[in-house]
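Residue numbers (my numbering), protein chains in the order written: chain D, 1 to 363; chain Y, 1 to 95.
Keep in mind the hints are simulated off the structure, nothing from the lab. Nothing here was measured: the structure is a model prediction, and the numbers come from that model. Using N, Cα and C, we set each Cβ at its ideal position, and we do this for glycine too. Among the hints, a few may not be true.
[Stated by the list, open to error] Non-contacting residues of chain Y with respect to chain D, defined by C-beta distances greater than 12 Å in every case (computed): (1) Thr-4; (2) Leu-11; (3) Gly-17; (4) Thr-31; (5) His-43; (6) Leu-46; (7) Leu-50; (8) Pro-79; (9) Ala-93.
[As the list claims (entries may be wrong)] Ranges between beta-carbon positions, derived for each pair: (10) Arg-2/Y - Arg-276/D: 49 to 59 Å; (11) Thr-74/Y - Ser-274/D: 18 to 28 Å; (12) Gly-95/Y - Thr-299/D: 40 to 50 Å; (13) Leu-6/Y - Ala-25/D: 46 to 56 Å; (14) Gly-75/Y - Ser-26/D: 29 to 39 Å.
Here's the letter readout for the chains.
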Amino acid sequence: MAATVLLVIGTRKGLWLARSQDGRASWEVTGPHHPMVEVYSAAIDTRGPVPRVLVGLSSEWFGPNVVISDDLGVSWREPATAPIAFPAGTDAALRRVWQITPGPVDEPDVVYAGVEPSALFRSTDGGRGFELVRGLWDHPHRPDWAPGYGGQAIHTVLPDPADHKRITVAMSSGGVYRTLDGGESWSAVNKGIRAGYLPDPYPEFGQCVHKVAPCPARPERLYAQNHGGVYRSDDGADSWVSIADGLPSDFGFAMVAHPSRRDVIYNFPLKADSERFPPDGRCRVYRSENAGASWEARTAGLPDEGFWTAVLRDSMCSDDADPAGVYFGSRTGEVYASRDEGDSWARVAAHLPDVTCVRAAVV
Amino acid sequence: MRVTVLLPGVLRQHAGGARQVELDLPGAGATLAAALDVVAARHPALERRLRDERGALRRYVNLFVDGEECRRLTGADTPLRDGAEIQVIPSIAGG
């Protein structure tokens, strides 16, 4: 019997859950869960005895929240006190949870959250309660981090799977930062990433990095989609080289690495900053099988024209199955899945609200 | 002094299902903020839906004190009378 795969779909107006029990050939979709509440972040934590779904909610009326389900979305719970709140003295208030990332496998109760305004929070109880990581909040660069169009936020949190003291984060804008001492001190690691909108195009920090994807099969390797520019680092973010040649555009938001094949990555290019549509309105996922040296459009099953929408930074993901599944959702509420590593695609859902995040895992 | 907080349906689950919450406030001349402090102690999941961790009232939640929207009075500093009614009404917002 095929393993059950859960696909979590966050949108501007609620959460949908898709479940496949036939090798991802068909999907049962339920929702909306949490209707009329924006779901900007989600995680499927498979480290514990039962899979846990964590969801970052943002209510226009009642503020942000993090809720947890240990029964695949049948029921949800939240602590009485706010799961994430800025402590007194920071003069800050949580606006939105942009990222929820389970920690290393051998720290099964550690969960990280990247939030707006730009800050990192850490939970040691599985995501029920979080504490501000002070070292990054107190960073001298923080007054100079500037909000992008979507807000000033940490949208990427990458705990090293082996070294508990090594964590990489990315923010828009500000760029990539890394700690090697568990969060006490942080360094900007943006060498080689271009900031075409600043007088100095290669500053120490200030880049508008849209997404950083870790390479699970080779932890020192990272991939980044920048606000103009697509990059790879082979030295844990110490330096970055362009891998944009071969893509129709170097603009976009999403960046995904294959869960086990070290050189396989996925990107969804948009034409330009000033034209945030797929080139020619054609829905195309680009896959590289050589770490970005060359790219190939994967189109089978995808709309060939009239796709005048975008895929946001957390709206593309892979699962952890073999062969790997790849998923993306659009701002026009369509969700596509590939069960053959991107070779072909099938629509899972349509006419949903704007898709803000997707996550998938074998559960 | 005693005041009453009237809750909309969407928030009652965070107050044990109650349509209204009675609050006993110490002394006379308590403010709306003081009332919300008591709500925070008793129903923290309700209170954090009304104001953020700095104590700022959430933008699209309206709190009417004896029928007057508190922002037209003195906001969270609005003084309460004994027997006051605080009505919570989500604002018209969103799309």
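Here is how each hint holds up against the structure:
Non-interface call for Thr-4/Y relative to chain D: holds, since the shortest CB-CB distance, roughly 21 Å, exceeds 12 Å. Annotated as non-interface, Leu-11/Y brings its C-beta within 12 Å of a C-beta of chain D; the closest such distance is 8 Å. Its beta-carbon lying about 15 Å from the closest one in chain D, Gly-17/Y satisfies the requirement of being farther than 12 Å from that chain. Even its closest Cβ contact with chain D, about 19 Å, leaves Thr-31/Y beyond 12 Å, as expected for a residue assigned away from the interface.
Annotated as non-interface, His-43/Y brings its C-beta within 12 Å of a C-beta of chain D; the closest such distance is 8 Å. The claim that Leu-46/Y is not at the interface with chain D is violated, since a C-beta of that chain comes within 12 Å of its own (minimum 9 Å). A beta-carbon of chain D is positioned within 12 Å of the beta-carbon of Leu-50/Y; the least distance is around 8 Å. Distance check on Pro-79/Y: its Cβ is at least 25 Å (rounded) from any Cβ of chain D, clearing the 12 Å threshold; non-interface status holds.
A beta-carbon of chain D comes within 12 Å of the beta-carbon of Ala-93/Y; the shortest separation is about 5 Å. Distance hint check: the CB atoms of Arg-2/Y and Arg-276/D are about 55 Å apart, consistent with the given range 49 to 59 Å. Between Thr-74/Y and Ser-274/D the beta carbons are some 46 Å apart, a value that contradicts the proposed interval 18 to 28 Å. The supplied range of 40 to 50 Å is broken by Gly-95/Y and Thr-299/D, whose beta-carbon atoms lie about 33 Å from each other.
For the pair Leu-6/Y and Ala-25/D, the beta carbons lie near 52 Å from each other, so the given range of 46 to 56 Å is met. Distance hint check for Gly-75/Y and Ser-26/D: the Cβ-Cβ separation is about 54 Å, which falls outside the suggested range of 29 to 39 Å.
Hint compliance for this structure: hints 2, 5, 6, 7, 9, 11, 12 and 14 are not met, and every other hint is.
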